[in-house]
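> Start from chain B and add chain C according to the hints.
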Amino acid sequence: MGVAKYTKDAKGQITDVTLQSGIHVKPFYGPEDLERVGFSYEKDLADPGVYPFTRAIHRQGYRSRAWTTRQYTGFGTSYETNERFKLMISHGQTGLNVAFDLPTQMGYDSDDPMAEGEVGRVGMAVDSLRDFEVAFKDINLAEIGSGLTINAVASIMLAMYQAVAEKYGYDAKVISATPQNDILKEMIGRGAWIFPVEPAVKLIGDTIEYSMTTMPRTNPVSVCGYHIRESGATPAQEIAYAILIANAYIDNVLLRGYDVDEFVGRFSFNLNVFGNIWEQVAKFRAARKLWARNLKEKYGVKKEANMFLRGLFGGGGFGLTKAQPENNIMRGAYYALSAALAGAQTIALCSYDEAYTIPTPHSAVISLRTLQLLMDEIGLRDTVDPLAGSYFIETLTKEMEGKIEEEMANIGKVGGIIPAVATGYIQKLVSRQAYAFEKGIQSGELLKVGVNIYTEGESKDVELHEYTGETAEKQIEELKRVKRERDQHETTRTLLDLEKATRAGKNVMPYLVDCCKAYATVGEMTRIFRDVYGEFKEPGFI
Amino acid sequence: MDAVSSTDTVKEAALAAKKIRILIAKPGLDGHDRGAKVVAHALMEAGMEVVYTGLHQTVDQIVSTALQEDVDVIGLSIMSGAHIPIIEKLVKKAREAGIDDKMIVVGGVIPVRDIPRLKELGVRGVFPGGTPFAEIVSVIRENVERGQEEKWA
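The listed protein sequences derive, respectively, from chains B and C.
In terms of the working numbering, the first sequence opens at residue 1 and continues consecutively.
In terms of the working numbering, the second sequence opens at residue 1 and continues consecutively.
The following block holds chain B by itself, in its conformation from the complex (with noise of 0.2 Å):
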């Protein structure tokens, strides 16, 4: 059933339950249980706020502080994204990640060839400042922060986020943006890469020095388990590759001579939440705990705070389904409420009609208003760790544990994260696993309602968001206007110490703020780390 396989005897009851991580769930847990995994109080749970931080990062849990809300907003022009932002924070909701249209995610302009068809449809348009200066105009940055979701180009993004940021009054100390920033993910999954691992992580490394002061209230890397539990992953896989991707990163900043307790604090997770809610809960539990562990042990840590794993738990969209798409609001819900009882700092939901379109405003306030109701009406802010002591709950912990360091070693035997995303070990073993799981489906071993149980026949559209062609046309336009209007002697200069920075091996991120202030578009910039970085070849998946 769902995401784990049941067995069954003969009058139909279960005699088996295997979670995806491959863990066993017994009929019954009890204090034999918490003793067969070694279990202790002080070693493996703590206080809520105590070191190894399973329970919570914080004491106070989500009595000090509810969960941040972050719908992922964005379409068309900047124009048509502000008013939609506007919308989200008019309706209660406190933090905003933008999506990006994909020629902005691949660093192409707008009238770019390799952009025909696609500007504006899965997301906001960028190509200039012009752009932010639209998008985010009204918005108070020194109180709402911005998730970026972005990668190949991240560091563009920062950078305009920062010019925007000053442009309109705000010191740069006190914005708040999380890009996404994780460019090995995307190798994995997602595929929104540009550059060669190599240079695509050293830009990454830029982004995490240049915050550390010129914003301090950044989150420069968001590291995303998230995709590639899309792309077939195990919950245990998701953790132990998600950790791996962070050191990689918190390795190439060390390299520039840094202490780990001046930069790793402000790393952020991006973790998804489809699947068996108790397998859900137990991961988020051990990954605090590994990530903490990993930090402490490993990078010498030292101050607690660093250590703390912040997390944005959502979206689930591969739980969501095309059939009877109203489905998608419970399960949303229920995604929701697992990953509140594990403390999640920020949660965002896939909306219900996303595996159509993109969210019509109806869908998207659907989503935030599940997210409200489970914090103000059903009491998840009234105790931290509600589920912990559970000897069921604490047993599958301990073994997601377990699981996520065999995950670990797995990719340590074929000589660490790189080359296992370089070669493609890991894009061919969760493909491998995604198409035995759609098998899974087909054949009713999983079920999954609607689609293999209770289906209703022919499925029917949702109400689908319009996309038509005066999208480009107006965002071509407007880019035009800018690049008419601009100090074209500036632009120039500005690029051409981008490109002098580059090739010297130079931390980026101040050239880039200067080329976005002088209106350097999205393509121009890019189009240099292109030239001086080459692109990623893609390993095969077979």
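Hints were generated in silico from the structure; no laboratory data involved.
Treat the hints with care, as some may be off.
[Stated by the list, open to error] If you want the footprint, here are the derived chain B segments under chain C, 3+ residues with CB under 8 Å:
id: 1; segment: 116 to 128
id: 2; segment: 165 to 175
id: 3; segment: 181 to 191
id: 4; segment: 225 to 234
id: 5; segment: 321 to 331
id: 6; segment: 496 to 502
Glycine is no exception: its CB is placed at the ideal position from the N, C-alpha and C atoms.
Below, chain C without anything else, positioned relative to chain B:
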């Protein structure tokens, strides 16, 4: 009678010997390739030869790979919503390259309302997410075999 049965035997042997070759392509800038890879696994398991283009392919690149690899089928995986303009372009470019005999199929995030238009453009199989592998395999097989039969007719 004899001549007919001998032609039938040759034809059957030719059909049996020829493995269906299919190009799985990801046009455009979208990188969500779980679906493309899963379907590629299923087609291989069904005995077909799969050529995978990798991500971020232009329509021109796809047509040229189809030509070079001499595939029977071009399968596109599209999640971005841009399926209609992409297919329009592909059909045009395939005609220009003289390979409009290749069967075109498409999968991904495809709303029901767009299926008639895609069929009208000449797409022989539309497989929205969740389509059973058996259906994908049989649509491809039947169409390719029909194409072969027409060659022999």
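> With reference to the structure, classify each hint as holding or not holding.
Here is what the structure says about each hint:
1. 116 to 128: holds (count 5)
2. 165 to 175: violated (count 0)
3. 181 to 191: holds (count 4)
4. 225 to 234: holds (count 3)
5. 321 to 331: Coverage by chain C holds here, the residue count being 3 at a Cβ distance below 8 Å.
6. 496 to 502: Check failed, 0 qualifying residues.
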